[in-house]
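Peer 1: Using the hints provided, position chain U relative to the given structure of chain P.
Going line by line, the protein sequences match chains P and U. The first sequence runs 1 to 110 under this note's numbering. The second sequence runs 1 to 116 under this note's numbering.
None of these hints come from the bench; they were simulated from the model. On a predicted model such as this, the values are computed, not experimentally measured, just so you know.
No more than 30 Å apart at the CA atoms, straight line, and that leaves these computed lysine-lysine pairs for DSS-like: (1) P:42 x U:64; (2) P:97 x U:66; (3) U:20 x U:41; (4) P:97 x U:20; (5) P:2 x U:41; (6) U:66 x P:42; (7) P:42 x U:20; (8) U:41 x P:97; (9) P:97 x P:2; (10) P:42 x U:41; (11) P:109 x U:41; (12) U:55 x P:42; (13) P:56 x P:42; (14) P:2 x P:42; (15) U:64 x P:97; (16) P:2 x U:64; (17) P:97 x U:55; (18) U:14 x U:64; (19) P:42 x U:14.
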Amino acid sequence: QKEVEQNSGPLSVPEGAIASLNCTYSDRVSQSFFWYRQYSGKSPELIMSIYSNGDKEDGRFTAQLNKASQYVSLLIRDSQPSDSATYLCAVRPPGGKLIFGQGTELSVKP
Amino acid sequence: GAVVSQHPSRVICKSGTSVKIECRSLDFQATTMFWYRQFPKQSLMLMATSNEGSKATYEQGVEKDKFLINHASLTLSTLTVTSAHPEDSSFYICSALRETQGYEQYFGPGTRLTVT
Numbered sequence: 001q002k003e004v005e006q007n008s009g010p011l012s013v014p015e016g017a018i019a020s021l022n023c024t025y026s027d028r029v030s031q032s033f034f035w036y037r038q039y040s041g042k043s044p045e046l047i048m049s050i051y052s053n054g055d056k057e058d059g060r061f062t063a064q065l066n067k068a069s070q071y072v073s074l075l076i077r078d079s080q081p082s083d084s085a086t087y088l089c090a091v092r093p094p095g096g097k098l099i100f101g102q103g104t105e106l107s108v109k110p
Numbered sequence: 001g002a003v004v005s006q007h008p009s010r011v012i013c014k015s016g017t018s019v020k021i022e023c024r025s026l027d028f029q030a031t032t033m034f035w036y037r038q039f040p041k042q043s044l045m046l047m048a049t050s051n052e053g054s055k056a057t058y059e060q061g062v063e064k065d066k067f068l069i070n071h072a073s074l075t076l077s078t079l080t081v082t083s084a085h086p087e088d089s090s091f092y093i094c095s096a097l098r099e100t101q102g103y104e105q106y107f108g109p110g111t112r113l114t115v116t
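Okay, chain P solo, but in the shape it has when bound (with noise of 0.2 Å):
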């Protein structure tokens, strides 16, 4: 089993709908989830971060938590084609290094 899961896509969504990016993760003590967005031929940009349980939101971005499930979501509300990217779970277990998805590829249709 991956330490950290994703589909890997893509997922295509039509513009103006809720995208949804799914993430499992398997350590059980991880305590920081974040969210990246990495364009094509571009580095990796933090969109969110996440350390509790709920919902967090920003803008039209909202991360999702639940720690018993070992569960964390991306929502993003009114997709633009702006938003086409692969978008990169990651968690970091107490003390340890970054562990990163395999990437979840969105594609926004106009």
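Peer 2: Chain U alone, transformed into the frame defined by chain P:
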């Protein structure tokens, strides 16, 4: 968010030469920085962890004598690719750790290295 810069953004060098890449955290001090490599359509691969004032820690399979890392200050880490070969051509990305709640990690824009 925090700002991490990298220089150069793109470099072409001849086989056998050395190339130095600089990574700077512009608006915070970073005791720890990381160097990654990414090949097209592949995942990020951590090469090494750079700690200010001490030796870098390399991941398994990464040659420390080929990829020299120096973290001389709290805002600067450098990666030198020595005796570069075409197979070293890749996208090299640094990352700096901001030691706030959750230890957020910010990436530089990357350096695209082409060895001819």
